Amino acid sequence: MVNSTTQAPHRGSRDDETVLIVPIAGELDICTVPQLWARVAGMIATGVPVALDVNGLTFIDACGLSGLLTLEAAAAQHGRPLLVAGFSPALDRLLGLTGMPGRFPAPAETLRLRTTQPVRLGATTDITDITDIIATNLPHPA
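Residues in the sequence shown are numbered from 155 upward in steps of one, following the numbering used here.
FYI, nobody ran anything at the bench for these hints, they're computed from the structure. In this text the structure is predicted, and so the values were computed from the model without any measurement. Note that CB positions come from ideal geometry on N, CA and C, so glycine has one too. Hints should not be assumed to be uniformly reliable.
[To be verified] Pair by pair, the computed Cβ-Cβ distance ranges are:
1) 254 x 212: 13 to 21 Å
2) 191 x 252: 16 to 24 Å
3) 251 x 172: 32 to 40 Å
4) 192 x 215: 17 to 25 Å
5) 255 x 212: 13 to 21 Å
6) 201 x 247: 28 to 36 Å
Generate the whole structure from the sequences, applying the supplied hints.
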């Protein structure tokens with residue numbers, strides 16, 4: 155099971171740009187990739203940079219890596235990289251085994267961010283739609 159939290163946007167120190175932080179925890183595999191995609195794809199579509207905080211990621215298999223690469227491709231279509239913050243020994247090992255160490259950029263400003271309210275993927279939550287997440291986490295125009 156992957157747990158996910160959407161953190162309020164962070165204003166990065168470089169370029170004063172908003173970054174949506176999405177902590178993921180648990181296992182990222184064939185069963186949980188669709189859940190992660192459902193939570194993150196809409197955020198990526200806004201064009202705002204998205205950073206996955208992988209500090210709590212305990213397991214990832216080839217399907218999980220494929221899911222991350224698919225999210226990376228979606229972000230690239232919107233002119234953004236998929237950022238990965240934090241450190242997961244499981245992800246680090248898999249990236250090393252597949253010849254992709256350092257594949258995902260990890261900006262320094264996202265490394266110090268912390269998880270807020272958890273959202274358990276696959277379970278009923280108070281967030282009913284990805285637009286609810288986006289609406290509550292993107293700054294409103296002045």
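Hint by hint, here is what the structure shows:
Checked against the hint of 13 to 21 Å, the C-beta distance between residue 254 and residue 212 comes to roughly 20 Å, which is consistent with it. With their beta carbons about 20 Å apart, residue 191 and residue 252 fall inside the hinted range of 16 to 24 Å. Checked against the given bound of 32 to 40 Å, the beta carbons of residue 251 and residue 172, roughly 34 Å apart, stay inside it. Roughly 19 Å separates the CB atoms of residue 192 and residue 215, a value that falls within the hinted 17 to 25 Å.
Range check, residue 255 to residue 212: Cβ separation about 19 Å, and the 13 to 21 Å hint holds. For residue 201 paired with residue 247, a C-beta distance near 32 Å keeps the hint of 28 to 36 Å intact.
Of the numbered hints stated above, none is contradicted by the structure.
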